[in-house]
Structures are given as structure tokens and as C-alpha cells.
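Kindly generate the complete structure, drawing on both the sequences and the hints.
Protein chains in written order, with the working numbering: chain A, 1 to 359; chain B, 360 to 555.
By construction, these hints were calculated from the structure, which means they are not laboratory data. Glycine residues also receive a C-beta, built at the ideal position from the N, C-alpha and C atoms. There could be a bad hint or two in this list.
Chain A residues, not near chain B, derived (Cβ > 12 angstroms throughout) [unchecked claim]:
{"id": "1", "residue": "G14"}
{"id": "2", "residue": "E93"}
{"id": "3", "residue": "G166"}
{"id": "4", "residue": "D171"}
{"id": "5", "residue": "E285"}
Here are some chain B residues pointing at chain A (derived, C-beta under 7 angstroms) [to be verified]:
{"id": "6", "residue": "S394"}
{"id": "7", "residue": "G486"}
{"id": "8", "residue": "Y549"}
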Amino acid sequence: MALPATDSFTNDNGTALESHGDWTINEGSFEIQSNACQATDSTYALAHWDADTFADDQYAEATIDTLSSYYRIGVGARAHASASTGYMYVGGENGGGKRLYKLVAGVPSTVASAAVDLSVSDLVRIECEGTTITPILNGSTDSDLGAQTDSSISSGSAGVGGYNNGSRVDDWEGGDLTGSSPSASPSASESASPSLSESVSESVSPSLSESASESVSPSPSESASPSLSESASESVSESASPSPGPTGDVCWGHVTGVLEDNVLPFNGNWTGTGTIENPGANDNERLALDAGEYMISEMVNTGVITCELLQNEYAVGDDVTLEYRDGATAAACNAAAWGAYAAPFESLGYVQIRVTSTL
Amino acid sequence: MVKFYLVPILTIAGVRGPMYFAWEENPTGIVCSWSMMDYGFALSALLVAKDIAQEDHDELVLNADVFTFPDNLDGPVDQAIQDFFEGINLPTDWLTPATTWLELLRQVAGMFQFNQRYGGIAAAETGELHSIFDNADLSTRLRQLTEDEQRWFLATVESFGFDPGVVDDNAMLRLLVRQAGDFWAGQPFYLGGMEF
Numbered sequence: 001m002a003l004p005a006t007d008s009f010t011n012d013n014g015t016a017l018e019s020h021g022d023w024t025i026n027e028g029s030f031e032i033q034s035n036a037c038q039a040t041d042s043t044y045a046l047a048h049w050d051a052d053t054f055a056d057d058q059y060a061e062a063t064i065d066t067l068s069s070y071y072r073i074g075v076g077a078r079a080h081a082s083a084s085t086g087y088m089y090v091g092g093e094n095g096g097g098k099r100l101y102k103l104v105a106g107v108p109s110t111v112a113s114a115a116v117d118l119s120v121s122d123l124v125r126i127e128c129e130g131t132t133i134t135p136i137l138n139g140s141t142d143s144d145l146g147a148q149t150d151s152s153i154s155s156g157s158a159g160v161g162g163y164n165n166g167s168r169v170d171d172w173e174g175g176d177l178t179g180s181s182p183s184a185s186p187s188a189s190e191s192a193s194p195s196l197s198e199s200v201s202e203s204v205s206p207s208l209s210e211s212a213s214e215s216v217s218p219s220p221s222e223s224a225s226p227s228l229s230e231s232a233s234e235s236v237s238e239s240a241s242p243s244p245g246p247t248g249d250v251c252w253g254h255v256t257g258v259l260e261d262n263v264l265p266f267n268g269n270w271t272g273t274g275t276i277e278n279p280g281a282n283d284n285e286r287l288a289l290d291a292g293e294y295m296i297s298e299m300v301n302t303g304v305i306t307c308e309l310l311q312n313e314y315a316v317g318d319d320v321t322l323e324y325r326d327g328a329t330a331a332a333c334n335a336a337a338w339g340a341y342a343a344p345f346e347s348l349g350y351v352q353i354r355v356t357s358t359l
Numbered sequence: 360m361v362k363f364y365l366v367p368i369l370t371i372a373g374v375r376g377p378m379y380f381a382w383e384e385n386p387t388g389i390v391c392s393w394s395m396m397d398y399g400f401a402l403s404a405l406l407v408a409k410d411i412a413q414e415d416h417d418e419l420v421l422n423a424d425v426f427t428f429p430d431n432l433d434g435p436v437d438q439a440i441q442d443f444f445e446g447i448n449l450p451t452d453w454l455t456p457a458t459t460w461l462e463l464l465r466q467v468a469g470m471f472q473f474n475q476r477y478g479g480i481a482a483a484e485t486g487e488l489h490s491i492f493d494n495a496d497l498s499t500r501l502r503q504l505t506e507d508e509q510r511w512f513l514a515t516v517e518s519f520g521f522d523p524g525v526v527d528d529n530a531m532l533r534l535l536v537r538q539a540g541d542f543w544a545g546q547p548f549y550l551g552g553m554e555f
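Have a look at this one:
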């Protein structure tokens, strides 16, 4: 069958969901009642649509048909073919509240809980996109529960979920997020503090390689550390818009004879796993990188302009990998992939630089 | 008020949830809107309580197995946290005086995500719950894990888009888990709708 899959649960009362067709039970049991679907055990229940293969990024939605006490009903996603594994967004009334459950190998975990009840005719939807699990209520992210990052389950099928028996859903639909019906507004998330979105790029590492200081390598790390002074310069910047870091030309870690607009220390402006030696000491400040280590610059508002990256290396025999990423906005730059720097490039507006040891 | 905590995980009647907070099998816990990010199937979770009452918070923080993040996440991390964090297998040797609470929070979340994926991969194969730290601690080297555990670890690495071939099996989990958390650089975390 073609996605999206749909089911209005039209069948005789008491028909088991798996007998109704195209459904597999992961946990508990479901049946048809009054042409709607309800869980039938006083426990956690999950079932999935088995007539189609779903993309990893998927959704399931359904309309709340009946609510019975605190017994919860709703939708499921990334339910495995046979294991009792998947995510569920369910709710009830009379204090049942709403829940986001994670079921792994038959063991339920309550991932999120809110005391606010559902109502009959509510449209409940769960979206799984990458590692973001989003409960959506009547077209907007359910702010009582909120979006959740969870990496436990990466694939599976859309379905229905429940806790205890009596509440029902109807008019179920499941499909892939790509090309599916519209999802909730992405603006529904909150920020833990005003500065949070500015800081997400500062603690990064590109690899899982071991550093010399942690291994049993006989080579002393000091002798293998390249040091460098980095400068990034462009000819001119016209932009006057606010940015997370400096605007225009920048030179870090060197002051004598510098012609760039901004002359800045590495200290406080670069982060990573490497070391800033002689922090803030003008020409004597430098980055030191042991094997596997890296350092990343603050973001620079370059404007749309040709950028050239220059560096000075002080240690003999070693080199660094010089990379950059750019974007039209600070957020786009944050989200962009790193690319090797080989020649001057046309910046999209914001630029960040990364240097990584080649050892 | 909104608060971030590290809390233990309880398992009651085969169901997991955060200690001290209310859920089906733990109805006497604190009633509020909360969301948790577990450390896979290790026994700790990062929890955000979005409307916890002051008196509940005051009572909660008296428990020695609860850690509370400060309201201002932009300040430097108190280095005195090390015993608590290391005690639940969260490495702290990477902290510097300049590390902020926000950077710590993100690093913790990244490490939790790695062990979540590890647990999911292991469960899909065995039907059982496993954590990286089932038979190990931060000083354990990757090569000291069982063959299955090493395979799940490398499968987890690969699932996040890394090349498992670059992982040094002589490295301690202390380093590898921290580096695994770095996968999230530049990507937001969501917990109860809070983005950080």
C-alpha cells in the first residue's frame, strides 16, 4: 500500500486489532469498539501498521474518539516489527494527563509527564525526525510535554499506543515526514536561557579518535604538538547587522603589524579540546594541538564576501587541518558541515574556522 | 519555575521513571510537568521540571543523589561537582575554569544520547536492557569490554555517522564517551520543549 496509511477502524465490536488487518501487536492488546480502536489490557499497549515500510522520519496521528477516566490512548511511532519497542504519545481525562512513553525490549519508561488532560476530538500526533520526538496536539507542539531528544529507537513503524483500557482513537493516519501533511510549527520550543542558542557551537569534536595523552603510545605528546597562530581576513565587510562574534576582518593570537579590523586573543574566543598557550599574551599566544585535538573559532560576521584564511605555524614538522563552515545566518552556520579550506571562498555571511591536529 | 536536575532512575514493577517525581508506578512523587533524558539504561537521568513548586524543590535538593543545575547556565561550573558526576559515570576531567554550566549540560546530554543509542542497539539484538557501564566504569578501556559490548559500542559510533575504524580500543570510556557526546556540536537538544 502507499503511504500515508489510514484506518477508520470500521469493524465489529470486539474484533482484535491484528484480526482487523494490517496491524501487528508489539505490547498488550487492542480491539475495535464502536468503530474506533482501544487498548484492552490494564497495562502499556503498542501496535503498529504492518502493511507498509516507513521511513525513519515518520509520524502517526489520530483523533481522540472516547475518553474513559484516566485511561490513556494515543499514537505510536518507530515501533519495531516484533519487539516491544517504540515511542508513544498518549493521554486521558480525569487526571490521566498526557505522557510520552518509550518502550524498549518490553520495558516502558515514562519520558515526559504532564497533568493536563486530553479532550474528545483532539487530534494527537507524534513525529519522529532524527533524534527529535515531538508530541503534537491539534496542530501545534504539545507544550505541556514538549519536544524531546531521544536516541534509543531510530527506526520502525507508525502505530497506536495506550495505557489501560477504555479510551479510543479513530481516523488514524501514519506516514513518512517527507512529503507528508504539515507538521507543527518549529517555533514551539522554549529556550532555557537567553544565551543558549548562542552557545551551542562551542563544545565540539569531529572525531572519536584517541588523544596521545590518554593512550599508551610511547610518543610524548609534547613533541608531536603543532602550534599555530590563526588569522582570517577578508578585504572588507559591509554588514552592520548584529552577530554572535566580531564583524569584519579578524586576526587572533597576534598583534604586531596586524592590519585586520579586529585583533583578538584566542583566549575566550576559541574553544575545543586543544590548549591555548600563553592565553592573552599578544604575539606569544598560540594554539597547541595534540593528536586528535581541535579548536574552533568564534563565529565571524563576514558579510557576503570573498574570505581568505591564513595561518602561522610555529612547530616544525607538523601541520593542521584547516576547515571552515559558513551560512547566511548564525544558525545556518552553526548547522553547516565543515569543509576543508583550500582557497579563498565566497562567504554566505557568517563563518567559523576549525583547526584539527593531523597527528 | 523551571529547573534542571540529575536524578536516579527507579524501576518499579518493571517500569522505569525518575525517582522523586510522580508517574504511574510512583504516585507519591512530586507532581509537576517534567521530562527526562535517561543515560540509556544506566541509572541516571537528566530531568527538567517545568512547574515544580518551591517547597518541592527545596525538599528535593536535600537528597544526596540529586544534582541541581543553577538557574544561570552561563556561569562557570563549580569544580566541586566532580565527585557527584564521576560517581554516576559522567567524566569531568575535561572541565576547565571557563567551562559554563550550559556547556556541561550539553555535554551530559550528548553522553546520555550515546548510551541511549547503545542501549537501543543492544536491546534490538538481545531483547535485554544493556548499558555501556553494565560491567565497566570510566576507567575501563574499550578493549576490556566483552566482544558483544565492543561491537555494540562501535555500532553506536557508526549509527551517529562516525567511522568506527578510528576508535582506539585502548582508550578509556572516560574519553570515548565524552568524545561521543561531541557528536551534538551545533545541534540543539530538546528536553520537555526546552532547547539548549
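Original post:
Given B/G486 was flagged as interface, is its beta-carbon under 7 angstroms from a beta-carbon of chain A?
Top reply: Holds, about 5 angstroms.
Subject >> Outside-interface status for A/E285 - nearest CB in chain B farther than 12 angstroms >> reply: holds, 15 angstroms
Original post:
Should the label of A/G14 as a non-interface residue stand, given a Cβ cut-off of 12 angstroms to chain B?
Top reply: holds, 27 angstroms
Original post:
Does the claim that A/G166 lies off the interface hold, with its Cβ farther than 12 angstroms from every Cβ of chain B?
Top reply: holds, 15 angstroms
Original post:
Non-interface claim for A/E93: all C-beta distances to chain B beyond 12 angstroms?
Top reply: It holds; A/E93 is separated from chain B by about 16 angstroms at its closest Cβ, greater than 12 angstroms.
Original post:
A/D171: least C-beta distance to chain B exceeds 12 angstroms?
Top reply: It holds; A/D171 is separated from chain B by about 26 angstroms at its closest Cβ, greater than 12 angstroms.
**OP:** Double-check B/Y549 for me: the hint is only fine if its C-beta lies closer than 7 angstroms to a C-beta in chain A.
**Re:** Holds: closest Cβ of chain A sits about 4 angstroms from B/Y549, inside 7 angstroms.
**OP:** Mind checking the CB of B/S394 against every CB in chain A and telling me if the closest is under 7 angstroms?
**Re:** The hint holds - B/S394 has a Cβ within 7 angstroms of chain A, the shortest such distance being about 4 angstroms.
Consistency with the previously given hints is maintained throughout, with no hint failing.
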